[in-house]
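**Student:** First to last, the protein sequences are chains A and B. With our numbering as the guide, the letters of the first sequence map in order to residues 2 to 301. With our numbering as the guide, the letters of the second sequence map in order to residues 75 to 558.
Worth flagging that the hints you see were computed from the coordinates, not collected in a lab. All of these numbers come straight from a predicted model, not from anything done at the bench. Please note: incorrect hints may appear among the correct ones.
Here are the simulated SDA-like cross-link-like pairs (lysine to any residue), alpha carbons at most 20 Å apart as the crow flies [stated by the list, open to error]:
1) Lys404(B) / Gly144(A)
2) Lys404(B) / Phe148(A)
3) Lys404(B) / Val101(A)
So the chains spell out like this:
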Amino acid sequence: MRLSSGEHRRLRRRYKLRTALTAYLFLAPNLLCFAVFLLLPVLWLAFSTFRTGGVLGPAEFVGLDNWRETFGDPLARTSIRNTIVYSAMAIPAVFVIAMVLALALRTIPRGGSPIRVALYLPTLQPTIVAALIFTFVLHPDFGVINFAVRTLGRDPINFLGDISLALPTVAGIEVWRGTGFWTMMFLAGLVGLPHELFQAAELDGAGAVRRFVSLAVPLLRPTFYFAVIFATIVNLQLFDTVFALTDGGPANSTLTVALFVYRSLFSFGEIGFGSTLSFILVITVLALTGAQTYLMRYRS
Amino acid sequence: MEERETRFPFLRLRPLIAVLTAAVILAAACGGDDESGTDAPDQPATTTQASEPDTAQDSDGSAAAEDPDEPAVQDSDGSATAEDSDEPAMADLSGTIGFIKGPHSAMEAEFEQQIIDDFNADVAPNVEVEFSTYDWPVHVAELTTLFASGSPPDVQYLVDLIYPSFAEQGQLHDMTELVNDPSWADERAAISPFAWDLAEQQGGTWGVPVLGAVYNIFINKDLLEEAGVADSWDDSYESMLTAARALTTDDVFGFAARTSAADFAWWDWYPYIHNAGGDVLSDDWSSCGLVGQDVVDAMQFLIDIHTAGVAPEPGSLTNQGLFDAFKAGKIAILHHETPNITDLNANPPDFEWDVAFAPPGPQGQTVMGNFGILSIAEASDNKDAAWAFIKHWASAPQVGRFAEQVSLQVVREDIIDDLFAENAAMAKVQSDLVPRVQGLQPHPQILEALQSAWPVAEDAFRGNLTGAEAIAGMCDAIDGVLAG
Numbered sequence: 002m003r004l005s006s007g008e009h010r011r012l013r014r015r016y017k018l019r020t021a022l023t024a025y026l027f028l029a030p031n032l033l034c035f036a037v038f039l040l041l042p043v044l045w046l047a048f049s050t051f052r053t054g055g056v057l058g059p060a061e062f063v064g065l066d067n068w069r070e071t072f073g074d075p076l077a078r079t080s081i082r083n084t085i086v087y088s089a090m091a092i093p094a095v096f097v098i099a100m101v102l103a104l105a106l107r108t109i110p111r112g113g114s115p116i117r118v119a120l121y122l123p124t125l126q127p128t129i130v131a132a133l134i135f136t137f138v139l140h141p142d143f144g145v146i147n148f149a150v151r152t153l154g155r156d157p158i159n160f161l162g163d164i165s166l167a168l169p170t171v172a173g174i175e176v177w178r179g180t181g182f183w184t185m186m187f188l189a190g191l192v193g194l195p196h197e198l199f200q201a202a203e204l205d206g207a208g209a210v211r212r213f214v215s216l217a218v219p220l221l222r223p224t225f226y227f228a229v230i231f232a233t234i235v236n237l238q239l240f241d242t243v244f245a246l247t248d249g250g251p252a253n254s255t256l257t258v259a260l261f262v263y264r265s266l267f268s269f270g271e272i273g274f275g276s277t278l279s280f281i282l283v284i285t286v287l288a289l290t291g292a293q294t295y296l297m298r299y300r301s
Numbered sequence: 075m076e077e078r079e080t081r082f083p084f085l086r087l088r089p090l091i092a093v094l095t096a097a098v099i100l101a102a103a104c105g106g107d108d109e110s111g112t113d114a115p116d117q118p119a120t121t122t123q124a125s126e127p128d129t130a131q132d133s134d135g136s137a138a139a140e141d142p143d144e145p146a147v148q149d150s151d152g153s154a155t156a157e158d159s160d161e162p163a164m165a166d167l168s169g170t171i172g173f174i175k176g177p178h179s180a181m182e183a184e185f186e187q188q189i190i191d192d193f194n195a196d197v198a199p200n201v202e203v204e205f206s207t208y209d210w211p212v213h214v215a216e217l218t219t220l221f222a223s224g225s226p227p228d229v230q231y232l233v234d235l236i237y238p239s240f241a242e243q244g245q246l247h248d249m250t251e252l253v254n255d256p257s258w259a260d261e262r263a264a265i266s267p268f269a270w271d272l273a274e275q276q277g278g279t280w281g282v283p284v285l286g287a288v289y290n291i292f293i294n295k296d297l298l299e300e301a302g303v304a305d306s307w308d309d310s311y312e313s314m315l316t317a318a319r320a321l322t323t324d325d326v327f328g329f330a331a332r333t334s335a336a337d338f339a340w341w342d343w344y345p346y347i348h349n350a351g352g353d354v355l356s357d358d359w360s361s362c363g364l365v366g367q368d369v370v371d372a373m374q375f376l377i378d379i380h381t382a383g384v385a386p387e388p389g390s391l392t393n394q395g396l397f398d399a400f401k402a403g404k405i406a407i408l409h410h411e412t413p414n415i416t417d418l419n420a421n422p423p424d425f426e427w428d429v430a431f432a433p434p435g436p437q438g439q440t441v442m443g444n445f446g447i448l449s450i451a452e453a454s455d456n457k458d459a460a461w462a463f464i465k466h467w468a469s470a471p472q473v474g475r476f477a478e479q480v481s482l483q484v485v486r487e488d489i490i491d492d493l494f495a496e497n498a499a500m501a502k503v504q505s506d507l508v509p510r511v512q513g514l515q516p517h518p519q520i521l522e523a524l525q526s527a528w529p530v531a532e533d534a535f536r537g538n539l540t541g542a543e544a545i546a547g548m549c550d551a552i553d554g555v556l557a558g
């Protein structure tokens, strides 16, 4: 049987439509949830930045007042600065430590499993448990570290009560919690790399550092791409650890954007202001993700 | 393709399979875990319910309403009320009301159950009271969420720090008519006028004042006597600093106060500011009230005493940690709260202790206290039962017993002399400290003003700011809140 060109076009369109329809049907649940639980709330959030009230009282349109207030608020600027400084400390630190551990684990021929389990355990700790653990580690009076410090004849260190130490301490705790996860992530990436390339490079006289820099790093680019984006998104939203350990103190030195949003919305009832700060956080995360995507996917 | 579908007939069903699969994925994606569907998200975890009695009973268990000669409706103290009031007879009240309160004791639920049992036995046998607690550190967020849900508990215990905000936003029922009902006039008159002043704001009455929390100083008398400062430590601020220096050793801090916002540290700071004639807000509540050299000097004194090496490093000990250190004999003069008196009486430390208040300042010698009111939610659909329960809770026998149980102060003037007969420290608090109480200004944004300004004080207590710089910074924050 020979089809006419018109018949052929019609059947092709029908096939494409049916294929596309099937695909959309499979995607529909995800798209629906995305729209209901993410897209609509974000749009509503954007709308809320131009209003005040609306939770315990009637909403009122205020134009750009919330935006002016947010950018003029010194505490909002402090929270943004703290969040960026924290992320700049925590993300590189956890990546370096996790990569070193992953490289070490990769070279262990036997008995690596218990070490991997031990490394991953901190990631499994709920925040409140981690907070309790670090109370016993950092407390100026009975903390393990300060016990050692006093044994050496030095004054105890007020890790979470010192304005200059509190944020780095929180970053350290988050690094401790995240190291296991990122170690496993990098280890999975390293294990998946083709051995032949490394063997060939070794035969060609490339040292370990050269093999890592010239082979492993470029080949791990997809892993790094995911890691940087995911870690950025997670760390910019830091809330639970500071909520449990410092409540933003001392003197706002650990006040993060997410904690300030929570305070604005739930403690002070400033719905418009809190919404605006939240929306800025959303936009920042999206912008950073976009920039990182561009830099890592297209520029390299 | 038709050939493939002939060989594999189920391929004809692809659209149907796709739809079914999509439905399954949708259910899995949107359904969440099973637990989320069973938990009531707006109900606090700690909940006790008063079981509805079959017959009205006295608290000792004997039947109260069975005798036709007995008045059917009685106040907690036994006086008849229903007959001389326009309100619905108490026995006619029915339904369920919710009551939420922050805990003042680990045994809060048990103490509340006693009040509820008496309520069911003596007042309203057909009203079921569901008691729940909120957590103090996050109580504003919890209450905001409950009010936002549209179905908050009917009755709330609210402190003066937060109720004005909820009143301003229309969440609380204006109880002016209820509290001015002639049938309740005697009870109203028993409550101190200053307490009513705190409950009456913005043109309405937002609750019945019931309890007060006084922020006192605990002293370790043994240490003070050893250091020879027992009689002089509270003569003046300078005397207190001198005493703290004399008391401080390698093992003991001479002085300690709370310093972090998370611990509501401003309660320990307030007396020094009030003693200097200052307050957070100006008299007309339109601007910062931290003005004048006396206020700056008071702040400088607090900075000095925190940086003189006589106090724990700011932020090094939590609220509970400070009190535990006092109990262990490691702190000689400690700013804290009266509910800890219960702990000291139950588990006496191996030293003599007493309660006291801050030395006099240039403008007076005040004590900080804040107060709690029982409010009715505007959204409550059982306001009659809620009002009956509040009247019962605020009655002399109930509030008096509760205050003794948790070591809090009462605002009823008619029972002060009868309370704390077995508790010398609380008797002293009630007789010596309470009359000096100067409370906070119940502005709708007072909490935000304090939380915004306090980080400046935290910075100052670490020696990073002078008194003048700290007061200027705190005023900037307070004015910013008022302007916003």
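**Student:** Now, for every hint given, state plainly whether the structure supports it.
**Tutor:** Hints versus structure:
no.: 1; hint: Lys404(B) / Gly144(A); verdict: holds (17 Å)
no.: 2; hint: Lys404(B) / Phe148(A); verdict: holds (18 Å)
no.: 3; hint: Lys404(B) / Val101(A); verdict: violated (45 Å)
Hint compliance for this structure: hint 3 alone is broken.
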